[in-house]
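J.: From first to last, the protein sequence lines stand for chains A and B.
Position 138, counted from 1, in the first sequence is what this note's numbering calls 138; the numbers after and before it change by one each time, with no gaps.
Position 96, counted from 1, in the second sequence is what this note's numbering calls 96; the numbers after and before it change by one each time, with no gaps.
The hints are simulated quantities; they were obtained by calculation from the structure and are not laboratory data.
Each hint should be verified, as a subset may be incorrect.
Within a straight-line C-alpha distance of at most 25 Å, the following computed SDA-like cross-link-like pairs (lysine to any residue) qualify [unchecked claim]:
id	chain 1	residue 1	chain 2	residue 2
1	A	K175	B	P209
2	B	K226	B	D194
3	A	K91	A	E77
4	B	K298	A	G61
5	B	K234	A	V203
6	B	K298	A	I46
7	A	K175	B	L244
8	B	K226	B	D195
9	A	K63	B	K48
10	A	K80	A	K155
11	A	K63	B	S317
12	A	K200	B	G431
13	A	K175	A	E77
14	B	K298	A	D51
15	B	K234	B	R204
16	B	K373	A	I115
17	B	K201	B	V150
18	A	K89	A	A79
19	B	K48	B	G447
20	B	K415	B	D430
21	B	K411	A	S49
22	B	K234	A	G110
23	A	K159	A	I115
24	A	K63	B	N441
25	A	K200	B	P319
26	B	K298	A	S49
27	A	K63	B	R212
28	B	K415	B	N441
29	A	K111	A	L62
30	B	K298	A	P48
31	A	K111	B	D206
32	B	K234	A	E157
33	B	K103	B	G431
34	A	K175	B	I210
Nothing here was measured: the structure is a model prediction, and the numbers come from that model.
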Amino acid sequence: MRSLRSAERREGGCALSHFAMTGAVAAVMAVLAVSTPVKADSKDGIFPSADQVGGQVFPSGLKPGDAFPVDIGVYDEDAKKVDFGSVIKGKKTLVTFFISAAPASVAELGKINEIAEKTKGTQVVFLNADTVGVALMGGPGAAIAETGRTLGVIKRESKINTPMFVAPNDALDPKGLSNRLGFRGLPTSYLVSADGKVEKVFVGQHAWQPGDI
Amino acid sequence: MSISRRTLLRGVGAGAAAGMMGGPGLMSSAFGAVGDMSKDAQHSLFSKFKGNVVLLPGKYNGTVSALDLSAPETLAWYNYGLAGIDMPIPHHIAAMPSADPYKTFDFYQTMQPPGAPYINENSPQWRNRGDFKMFKLRYDGSGSQNSIHVVNDISATTGMALGVHVSIGVGVNAQKYVAFADGQKDMVLITTIDDDPKIVKAFRADYDPIARQINVSHVFPDSSTKKFDFQGRKGMKTSHEAMLGEELMPADPTAVFVDAFTWHPTLPLGAILIRRHGCCVIVNTDTWEPLALVSTAKGSPDFFPLVKQSGYTWTFSVPSVLTPLHEAGFITSGQYFLACNNVLQNNIAVFRSEDPDPRKWKKEAFVEGFGNKYLPLHMGNVPDSRWAFFTIWARKPNNGFICKVDPKTWKVVAKWDTGPDPHTCDCTVDGQFITTVYSGNQGGQSGLVVIHADSNEVVARLPSAAGHHDHVVVPESWEGLKSSRSTSV
Numbered sequence: 001m002r003s004l005r006s007a008e009r010r011e012g013g014c015a016l017s018h019f020a021m022t023g024a025v026a027a028v029m030a031v032l033a034v035s036t037p038v039k040a041d042s043k044d045g046i047f048p049s050a051d052q053v054g055g056q057v058f059p060s061g062l063k064p065g066d067a068f069p070v071d072i073g074v075y076d077e078d079a080k081k082v083d084f085g086s087v088i089k090g091k092k093t094l095v096t097f098f099i100s101a102a103p104a105s106v107a108e109l110g111k112i113n114e115i116a117e118k119t120k121g122t123q124v125v126f127l128n129a130d131t132v133g134v135a136l137m138g139g140p141g142a143a144i145a146e147t148g149r150t151l152g153v154i155k156r157e158s159k160i161n162t163p164m165f166v167a168p169n170d171a172l173d174p175k176g177l178s179n180r181l182g183f184r185g186l187p188t189s190y191l192v193s194a195d196g197k198v199e200k201v202f203v204g205q206h207a208w209q210p211g212d213i
Numbered sequence: 001m002s003i004s005r006r007t008l009l010r011g012v013g014a015g016a017a018a019g020m021m022g023g024p025g026l027m028s029s030a031f032g033a034v035g036d037m038s039k040d041a042q043h044s045l046f047s048k049f050k051g052n053v054v055l056l057p058g059k060y061n062g063t064v065s066a067l068d069l070s071a072p073e074t075l076a077w078y079n080y081g082l083a084g085i086d087m088p089i090p091h092h093i094a095a096m097p098s099a100d101p102y103k104t105f106d107f108y109q110t111m112q113p114p115g116a117p118y119i120n121e122n123s124p125q126w127r128n129r130g131d132f133k134m135f136k137l138r139y140d141g142s143g144s145q146n147s148i149h150v151v152n153d154i155s156a157t158t159g160m161a162l163g164v165h166v167s168i169g170v171g172v173n174a175q176k177y178v179a180f181a182d183g184q185k186d187m188v189l190i191t192t193i194d195d196d197p198k199i200v201k202a203f204r205a206d207y208d209p210i211a212r213q214i215n216v217s218h219v220f221p222d223s224s225t226k227k228f229d230f231q232g233r234k235g236m237k238t239s240h241e242a243m244l245g246e247e248l249m250p251a252d253p254t255a256v257f258v259d260a261f262t263w264h265p266t267l268p269l270g271a272i273l274i275r276r277h278g279c280c281v282i283v284n285t286d287t288w289e290p291l292a293l294v295s296t297a298k299g300s301p302d303f304f305p306l307v308k309q310s311g312y313t314w315t316f317s318v319p320s321v322l323t324p325l326h327e328a329g330f331i332t333s334g335q336y337f338l339a340c341n342n343v344l345q346n347n348i349a350v351f352r353s354e355d356p357d358p359r360k361w362k363k364e365a366f367v368e369g370f371g372n373k374y375l376p377l378h379m380g381n382v383p384d385s386r387w388a389f390f391t392i393w394a395r396k397p398n399n400g401f402i403c404k405v406d407p408k409t410w411k412v413v414a415k416w417d418t419g420p421d422p423h424t425c426d427c428t429v430d431g432q433f434i435t436t437v438y439s440g441n442q443g444g445q446s447g448l449v450v451i452h453a454d455s456n457e458v459v460a461r462l463p464s465a466a467g468h469h470d471h472v473v474v475p476e477s478w479e480g481l482k483s484s485r486s487t488s489v
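With the hints as extra help, turn the sequences into a complete structure.
T.: This is how it looks when you write it as structure tokens:
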């Protein structure tokens, strides 16, 4: 058997990842051109095992009755960290995660925005959990500012006035947002009660009715 | 190259010219514009590859080229910009058999928009460029100017544009069908192989994340136009082809990442490969009815059960997915169906697949030992099934490698780090050598490597700046196609 050559020797110090930028809306993407340091998404190209990400590809995730974690990393359009606990504290809230790489996900925002305008007593927040396409920007953390700019474009083009935030995610990190909450498809919405408990979970496109939220 | 070395042989004069020069080698069966390299210092190295024309799609330079491996020289090349594609991304390829590939052969090429992050990283100026396309093309080496030209834009002809794997029917499906697949649209299209192809059957697959079910449906063209309405980006669930590991990432909840259709070499069966859910739909190619959904993960049952059939939709229960897969296909003999599980489990599942009823197939073994950095990806066959070859891909900073598996023991018996970002394997028409390409992560070290299948020696390495994501050696016969882009991808 022939021995493997040293990957490190051949690759040198550059760690440009395959996990890179993507997006669904061309106009949204047009704002994303930046020149930033190159980093890998995670160390050493390691992939997680099943037990590190919920036991399988589609973990059960948060379900009604579970406490919604308020310590998730959330940033505003200006890339400033937001205390998400204070955003939803004491308020019944529909928390919708979306991703611009899935056209259905962006399309759903407008529908939710419409139903939110007709619903009193429940606030709605949108969280962009884009993961793919951020390698050149230095991984999910370093791409927060650009993802924040994406929010601005979506709000402007879709005429959405619902508050939007960035929720960085690394699906290959066992502690990444999608593994922690257990979502694999977006949009996924959690209706969270005023006392912070998940009341309902909506996965995918939904025919929204006022009573839903 | 001097004129004296560059004798062009054409038509019936080729044999005579070869005789006059006293060179047995390259010229005896060549009727096109083929160089005489017999005086080249490297002749003894490459002449052993006589009869092997390698098609090389340049995913990152928008071309396809036909390489005479025995010279070596490019016989002809074509830039898909000539077909009207702005920023063409030639993706996967399959070649029809040809008894004299120096004279002519047909082949199929898919392409996708450059939205795939593999290609363009975050270059937003590429976002609206490129297109999904399937082309039938023809190499013509019959005259003084070799050429490649488009015979049919199959996406325009059928109204369905798919951008990932293409595979040609063999065995009972030989000389009939070609299959195309796409994981952004989760569709498969089967057409006839003639120059004006007809729609035979089309499938769509969708996941219901609430019910945890996969629906596999026949889809039909519009009754008035006789075409589908899925050209260009229509039908896209995601803006790019899923990267390795993206099976775990948030996407359209219905996405399953259909990747390919592979053909059983002897039985009227084919497999629709579903990456994200680690399973394959085994289809009867006489009726196009899904017969079984085989689950490939270690620790999972052999099948996900059929819940119901309603009209042209078959619903399977998928309660748990222990790992995604990438490619899956049949060993040339048809004795085994092999599936490259990856991301959460990195192993190769081995099903015995001789029974005409796929519901009787069983997982018999796993090829293991790849760790958590190296992902089984593509599969390559040899005509006599004495070995199976696999591409084992890795993210940076790791190179990945090619490995040889002994089907008697299902152990890895040799492996080669051919270079960064390795992609598909194929074999020469005599089954003695393995060809494989690596693309250097879109911009670095890249080329074509030839390995002796039995001695394990790397016998040749050719540079290429095209960034090959796939390649194929033109098979010499329909039987030879069984170890090409048909049974495996």
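J.: Would you mind marking each hint as holding or not holding in the structure?
T.: Evaluated hints:
1. About 22 Å separates the Cα atoms of A:K175 and B:P209, which keeps this hinted pair within 25 Å; it holds.
2. For the suggested pair B:K226 and B:D194, the alpha carbons sit about 17 Å apart, so the restraint of at most 25 Å is met.
3. With a C-alpha separation of about 22 Å, the suggested pairing of A:K91 with A:E77 holds against the 25 Å cut-off.
4. Taking the CA atoms of B:K298 and A:G61, the gap is near 23 Å; set against the 25 Å cutoff, the hint holds.
5. Distance hint between B:K234 and A:V203 is fulfilled; the C-alpha atoms sit about 23 Å from each other, no more than 25 Å.
6. In summary, the hint linking B:K298 to A:I46 is supported, as the alpha carbons are separated by about 20 Å, within the 25 Å threshold.
7. Restraint check for A:K175 and B:L244: satisfied, since their Cα atoms lie roughly 19 Å apart, inside the 25 Å limit.
8. Our distance criterion of 25 Å between C-alpha atoms is met by B:K226 and B:D195, whose separation comes to about 17 Å.
9. For the proposed pair A:K63 and B:K48, the alpha carbon gap of about 64 Å is over 25 Å, so the pair is violated.
10. The straight-line distance between the Cα atoms of A:K80 and A:K155 is roughly 18 Å, inside the 25 Å bound, and the hint therefore holds.
11. Restraint check for A:K63 and B:S317: the C-alpha separation of about 21 Å stays at or below 25 Å, so the hint holds.
12. With a C-alpha separation of about 58 Å, the suggested pair A:K200 and B:G431 falls outside the 25 Å cut-off, and the hint is violated.
13. Taking the CA atoms of A:K175 and A:E77, the gap is near 24 Å; set against the 25 Å cutoff, the hint holds.
14. Restraint check for B:K298 and A:D51: the C-alpha separation of about 14 Å stays at or below 25 Å, so the hint holds.
15. Distance check on the hinted pair: B:K234 and B:R204 sit about 14 Å apart at the alpha-carbon level, within 25 Å; holds.
16. Between B:K373 and A:I115, the direct Cα distance comes to roughly 45 Å. Violation of the 25 Å bound is thereby established for this hinted pair.
17. Distance restraint check for B:K201 and B:V150: the Cα-Cα separation of roughly 23 Å lies within the 25 Å cut-off, and the hinted pair is therefore satisfied.
18. For the hint pairing A:K89 with A:A79, the CA-to-CA distance comes to about 21 Å; that is within 25 Å, so the pair holds.
19. Using a Cα cut-off of 25 Å, the hinted pair B:K48 and B:G447 holds, with the two alpha carbons roughly 20 Å apart.
20. Taking the CA atoms of B:K415 and B:D430, the gap is about 21 Å. The hint holds against a cut of 25 Å.
21. With a C-alpha separation of about 22 Å, the suggested pair B:K411 and A:S49 falls inside the 25 Å cut-off, and the hint holds.
22. Among the hinted pairs, B:K234 with A:G110 is consistent with the structure: their alpha-carbon atoms are about 20 Å apart, no more than 25 Å.
23. Using a Cα cut-off of 25 Å, the hinted pair A:K159 and A:I115 holds, with the two alpha carbons roughly 14 Å apart.
24. With a C-alpha separation of about 40 Å, the suggested pair A:K63 and B:N441 falls outside the 25 Å cut-off, and the hint is violated.
25. Distance restraint check for A:K200 and B:P319: the Cα-Cα separation of roughly 21 Å lies within the 25 Å cut-off, and the hinted pair is therefore satisfied.
26. In summary, the hint linking B:K298 to A:S49 is supported, as the alpha carbons are separated by about 13 Å, within the 25 Å threshold.
27. With a CA separation close to 15 Å, the supplied pair A:K63 and B:R212 stays within the 25 Å bound.
28. With a C-alpha separation of about 20 Å, the suggested pair B:K415 and B:N441 falls inside the 25 Å cut-off, and the hint holds.
29. In summary, the hint linking A:K111 to A:L62 is supported, as the alpha carbons are separated by about 23 Å, within the 25 Å threshold.
30. For the hint linking B:K298 to A:P48, the alpha-carbon distance of about 16 Å falls within 25 Å, and the restraint holds.
31. Using a Cα cut-off of 25 Å, the hinted pair A:K111 and B:D206 holds, with the two alpha carbons roughly 22 Å apart.
32. Taking the CA atoms of B:K234 and A:E157, the gap is near 21 Å; set against the 25 Å cutoff, the hint holds.
33. In summary, the hint linking B:K103 to B:G431 is supported, as the alpha carbons are separated by about 22 Å, within the 25 Å threshold.
34. Distance check on the hinted pair: A:K175 and B:I210 sit about 24 Å apart at the alpha-carbon level, within 25 Å; holds.
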